[in-house]
Amino acid sequence: MSLQIWILLAVVLTFGLYIGIAIWARVSTTKGFYVAGQGVPPFFNGMATAGDWMSAASFISMSGLIAFLGFDGAMYLLGWTGGYVLLAVLLAPYLRKFGRFTVPAFIGDRYYSSTARVVAALCAVAVSFTYVAGQMRGAGIVFSRFLEIPIGWGVVVGMAMVAFYAVLGGMKGITYTQVAQYAILITAFIIPAVGISLELTGSPVPQVAFPQVAAQLDLIIEDLGFGAYTSPFTNLSQLDVILITMALMCGTAGLPHVIIRFYTTRTVRGARWTGVFALFFIALLYTTAPAVAVFAKFNLVETVVGEPYEERPEWFRTWEDTGLLEFRDKNADGIIDFAPGAMRDPASDNELFVDPDIIVLANPEIANLPDWVIAIVVAGGLAAALSTASGLLLVIASSLSHDIFKTYIRPKASEREELLVARGAMLGAVALAGILGVYPPAFVGEVVAFAFGLAAASFFPAIVLGIFDPRTTREGAITGMLAGITFTAFYIITVAPGIGIGWDPWFFGISPQGIGTVGMLLSFVLTVVVSRLTPPPPPEIQGLVERIRYPRGSGAAIDH
Amino acid sequence: MEPEREALEAYWKKNLTLIVILLAIWFTFGFIVPYFLGPWLNQFTFLGGPLGFWVAQNGSIYVFWILILVYALQMNRLDQRFGVRE
Chain A
270 MSLQIWILLA VVLTFGLYIG IAIWARVSTT KGFYVAGQGV PPFFNGMATA
320 GDWMSAASFI SMSGLIAFLG FDGAMYLLGW TGGYVLLAVL LAPYLRKFGR
370 FTVPAFIGDR YYSSTARVVA ALCAVAVSFT YVAGQMRGAG IVFSRFLEIP
420 IGWGVVVGMA MVAFYAVLGG MKGITYTQVA QYAILITAFI IPAVGISLEL
470 TGSPVPQVAF PQVAAQLDLI IEDLGFGAYT SPFTNLSQLD VILITMALMC
520 GTAGLPHVII RFYTTRTVRG ARWTGVFALF FIALLYTTAP AVAVFAKFNL
570 VETVVGEPYE ERPEWFRTWE DTGLLEFRDK NADGIIDFAP GAMRDPASDN
620 ELFVDPDIIV LANPEIANLP DWVIAIVVAG GLAAALSTAS GLLLVIASSL
670 SHDIFKTYIR PKASEREELL VARGAMLGAV ALAGILGVYP PAFVGEVVAF
720 AFGLAAASFF PAIVLGIFDP RTTREGAITG MLAGITFTAF YIITVAPGIG
770 IGWDPWFFGI SPQGIGTVGM LLSFVLTVVV SRLTPPPPPE IQGLVERIRY
820 PRGSGAAIDH
Chain B
314 MEPEREALEA YWKKNLTLIV ILLAIWFTFG FIVPYFLGPW LNQFTFLGGP
364 LGFWVAQNGS IYVFWILILV YALQMNRLDQ RFGVRE
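Line by line, the protein sequences give chains A and B. If you want this note's numbering, it's the 1-based position in the first sequence plus 269. If you want this note's numbering, it's the 1-based position in the second sequence plus 313.
Since the hints were made in silico from the structure, they are not lab data. Backbone N, C-alpha and C define an ideal beta-carbon position, used for all residues, glycine too. Be aware that one or more of the hints could be misleading.
[Unchecked claim] Some but not every residue of chain A turned toward chain B, in silico, with C-beta under 8 Å:
no.: 1; residue: Gln476
no.: 2; residue: Pro480
no.: 3; residue: Gly494
no.: 4; residue: Phe495
no.: 5; residue: Pro501
no.: 6; residue: Thr503
no.: 7; residue: Asn504
no.: 8; residue: Leu505
no.: 9; residue: Ser506
no.: 10; residue: Val510
no.: 11; residue: Thr556
no.: 12; residue: Arg816
[What the hints assert, rightly or not] If the Cβ cut is set under 10 Å, some of the chain A residues that face chain B in the computed set are:
no.: 13; residue: Phe337
no.: 14; residue: Gly339
no.: 15; residue: Asp341
no.: 16; residue: Pro362
no.: 17; residue: Leu467
no.: 18; residue: Thr470
no.: 19; residue: Gly471
no.: 20; residue: Gln481
no.: 21; residue: Asp487
no.: 22; residue: Thr514
no.: 23; residue: Met515
no.: 24; residue: Arg586
no.: 25; residue: Phe759
no.: 26; residue: Ile762
no.: 27; residue: Pro766
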């Protein structure tokens, strides 16, 4: 069987499974739509959280980025897992006890203010939407490379899929589809890693095998003039690595589509166990990712570097066609030279350009694994992109229909009308995200990391202080959210390459990926200070803050 | 202070203490060990590679998971002991 047929088979089978689940789990109430009727057991909820959480960025991009960053790549690994500790101990149990459908609803109730709710709803839409556009693009890249169709059609196919099951199923459909998608994406990630691990070291456990391969890789790339793979701060400053890690952690704990997952369990206990299962399932991928990075880089330098270009392997040719892999024979010796610096920089001896985004997809080909493995990886990449996209769309829909339409525009709207608005909002968001996926502004990939900075600077301080400090007032929270998100967005817009103004990093040379940490600190300080200067919250709110400390009587999430 | 109220405050204090301890470990393994001790730890070998590198890219993740597990187990026990369990 050819590779094309294997891929078609994998994609059709997995998509058929998702659609089947969506039809089986159809819902007709708003509660089922937003929080799956809270009937999801923690084991499956943890799995769905992991599927929801791990996007095209985790599956397709991250290992490639680590392969090029070396030690410093730890910032993605630690940032995107350490955030779950914050989520599990500082937020999840209390938000579940509080029992509202959405994060903006929590903000609105806790801060006794409709303004706060609107501000939060708009932040949620902005953060989720930028994130979803990247997922559509990711799905488009996978489709176009392996089905050899134009990227635009790849995005359209992905859009149609997401629209179908997210709109039909709501949270219940999404939850069980995400369970299936997690199973597929983790299988797809681990099989090639185990295969390559066996090839290189004879050990079937990538986590055990990769340090020794990294030590060998150190020797090879130091010969080529690079810094050691395992040495810290060869690519970024120590300050940047720390700030980016922190921004990703707090952003994880502030992202509405992750937080909302903890509402879908029946009890506070269930919310705690959801965190345990979620990080377990996430760690399976995240502890394998650095191994994939090391193996891929090792295989890359071993199979192509220093070899004649004319004898390049088949996978090299196919990826060259996509423009994501490029060779420029600067010294005209016909040999592929790999050296520090950019290939496009004439001053550098480097003749090879490899887009980090192709590492995971090309890895099985580089290692000569069978075609069916490549087909599974394709299905896994699509599962990662689509499961996250559907979770994000749900947040956009609930923010617009529940937090804005039902609360302000038509408080008397029936369940049917509200669901209609929610589904309409989803369709609109899919269409808009699809357009951005087909015609991406240059920065769609980077924006995934920026979305975390924005979430860290807006939601994280308002939620944590809302739970732990009864004295926090609506004035404080609104000031903090607005100042944090404005500062962070302004810095990203002025500094991030490819977005616009292109200023030098004007705040202590901090990179735009790490600025969310500064925005978050600013937000914390302003929230606390303004809260102390304004009249305290009404007594019933202070009582409410006290009640969420104790799990007893959490009951059902209230449709508010 | 009525006894039930006192018990609830004790429950909350225990919860806060646990959170502070767990977050101190989180900060140690999220930042101090990988980014400050990492270069020094790299002189030791673990699984055939530099130790600092392994902690930064694998070891700390295992610690994070243990922290969440400990929190869930401890809090569920506390809930029962203080009778605030659902």
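Hint check:
Taken as an interface hint, Gln476/A checks out: its beta carbon lies about 6 Å from the nearest beta carbon of chain B, inside 8 Å. The beta carbon of Pro480/A comes within 3 Å of a beta carbon in chain B, closer than 8 Å, and the hint placing it at the interface holds. At its closest, the beta carbon of Gly494/A sits 20 Å from a beta carbon of chain B; the interface hint therefore is violated under the 8 Å criterion. For Phe495/A, the interface hint is violated, since its Cβ never comes within 8 Å of a Cβ in chain B; the closest pair sits about 15 Å apart.
A hinted interface residue such as Pro501/A counts as satisfied when its beta carbon comes closer than 8 Å to some beta carbon of chain B; here the least separation is about 5 Å, so the hint holds. Because the closest C-beta pair between Thr503/A and chain B is about 11 Å apart, greater than 8 Å, the hint is violated. A hinted interface residue such as Asn504/A counts as satisfied when its beta carbon comes closer than 8 Å to some beta carbon of chain B; here the least separation is about 14 Å, so the hint is violated. The beta carbon of Leu505/A comes no nearer than 11 Å to any beta carbon in chain B, farther than 8 Å, and the hint placing it at the interface is violated.
Restraint check, Ser506/A versus chain B: the minimum CB separation of about 11 Å is more than 8 Å; hint violated. Annotation: Val510/A was flagged as interfacial toward chain B, and the flag holds, the nearest CB pair being 6 Å apart, inside 8 Å. The criterion of a C-beta within 8 Å of any C-beta in chain B is met by Thr556/A, whose closest approach is roughly 5 Å, and the hint holds. Checking Arg816/A against chain B by beta carbon gives a least distance of about 10 Å; that is not within 8 Å, so the hint is violated.
For Phe337/A, the interface hint is violated, the least distance from its beta-carbon to any beta-carbon of chain B being 14 Å, above 10 Å. Here the hint on Gly339/A is kept, as its CB sits about 8 Å from the closest CB of chain B, short of 10 Å. Given hint, Asp341/A at the interface with chain B, holds; its Cβ is 9 Å from that chain's nearest Cβ, closer than 10 Å. Taken as an interface hint, Pro362/A checks out: its beta carbon lies about 7 Å from the nearest beta carbon of chain B, inside 10 Å.
The beta carbon of Leu467/A comes no nearer than 16 Å to any beta carbon in chain B, farther than 10 Å, and the hint placing it at the interface is violated. The beta carbon of Thr470/A comes within 9 Å of a beta carbon in chain B, closer than 10 Å, and the hint placing it at the interface holds. A distance limit of 10 Å between C-beta atoms decides the matter here; for Gly471/A the minimum to chain B is near 12 Å, and the interface restraint is violated. Taken as an interface hint, Gln481/A checks out: its beta carbon lies about 3 Å from the nearest beta carbon of chain B, inside 10 Å.
Restraint check, Asp487/A versus chain B: the minimum CB separation of about 8 Å is within 10 Å; hint holds. Among the interface hints, the one on Thr514/A holds; its C-beta lies about 7 Å from the nearest C-beta in chain B, closer than the 10 Å criterion. With 10 Å as the threshold, the beta carbon of Met515/A comes within range of chain B, its nearest partner Cβ sitting at about 8 Å, so the hint holds. For Arg586/A, the suggested interface contact is broken, since its CB lies about 32 Å from the closest CB of chain B, more than 10 Å.
Look at Phe759/A: its Cβ only gets to about 27 Å from chain B, farther than 10 Å, so that hint breaks. Evaluation of the Ile762/A hint against chain B yields a violated restraint, the C-beta minimum of about 28 Å exceeding 10 Å. A hinted interface residue such as Pro766/A counts as satisfied when its beta carbon comes closer than 10 Å to some beta carbon of chain B; here the least separation is about 25 Å, so the hint is violated.
Of the hints listed earlier, those the structure fails to meet are numbers 3, 4, 6, 7, 8, 9, 12, 13, 17, 19, 24, 25, 26 and 27, in rising order.
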